[in-house]
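Residue numbers (the working numbering), protein chains in the order written: chain A, 77 to 198; chain B, 77 to 198.
Certain hints may be false.
Cβ-to-Cβ under 8 Å is the rule here; a few derived chain A residues that face chain B [unchecked claim]:
#, residue
1, Asp-113
2, Pro-144
3, Phe-145
4, Tyr-146
5, Gln-191
Derived by calculation from the structure, the hints in this document are not laboratory data.
In this text, a Cβ means the ideal position worked out from N, Cα and C, and glycines have one as well.
Number of protein chains: 2
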Amino acid sequence: MSLQSVAHQFVEMCRQGKNFDVMRSMYAPNIVSVEGDGKQTAGQAQVIKKSEDWGSDKTFHGETVAGPFYNGANPDQFAVYFTFDITPKASGKRMRLEEVGVYTVNKEDKITREQFFYEGAR
Amino acid sequence: MSLQSVAHQFVEMCRQGKNFDVMRSMYAPNIVSVEGDGKQTAGQAQVIKKSEDWGSDKTFHGETVAGPFYNGANPDQFAVYFTFDITPKASGKRMRLEEVGVYTVNKEDKITREQFFYEGAR
Chain A
77 MSLQSVAHQF
87 VEMCRQGKNF
97 DVMRSMYAPN
107 IVSVEGDGKQ
117 TAGQAQVIKK
127 SEDWGSDKTF
137 HGETVAGPFY
147 NGANPDQFAV
157 YFTFDITPKA
167 SGKRMRLEEV
177 GVYTVNKEDK
187 ITREQFFYEG
197 AR
Chain B
77 MSLQSVAHQF
87 VEMCRQGKNF
97 DVMRSMYAPN
107 IVSVEGDGKQ
117 TAGQAQVIKK
127 SEDWGSDKTF
137 HGETVAGPFY
147 NGANPDQFAV
157 YFTFDITPKA
167 SGKRMRLEEV
177 GVYTVNKEDK
187 ITREQFFYEG
197 AR
């Protein structure tokens, strides 16, 4: 597949709410995930667990994904813009989070790196 | 100023429609602008002219800017998500463009690089 095919598959699955299927089927075993504070998590299972842990104390109402977007100087990457409509169970206050994700794809069409840009803590 | 201060000033000015004031006041003399196809334009005056040329055959109805967003692994960068509501004068067909911009800021608080991620031509 081309980068564009991988990127469109990624976006379509996210729009169907299949974020964890994306991680299981499209992430390389050695994927590195970089959060907004720069903290890195390595390994597919570890990255999935990080997402499970993050979601465990929140109710999800919806998600939007804009993109994918490309830049020819970074031919192995695509970017997306996410919004998440959530309610932290602790506060009960519904809120909207937004972030840019930059994804790196290897020659085997697997995602080897995800890097999230956002403001504030998660 | 901090990266965050520069980034918020950038976003506020864009929201006020002052995109060219941003280029004149916040861009370093040697800024490099990278379009979606990877083509680079170097120099503040050249980058301003590129934007003027791009806008010259379009009517602008509005612009939204989401962000700024950060990642600690790239401490000199911020990202934004733009949408542009335009009508190309040639077609007369109103359309919405969207893109992610990644900006690099130097120690003098000037923007030295802008890199746009989008799908399709501009």
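Looking back at the numbered hints, which does the structure fail to meet, lowest number first? none
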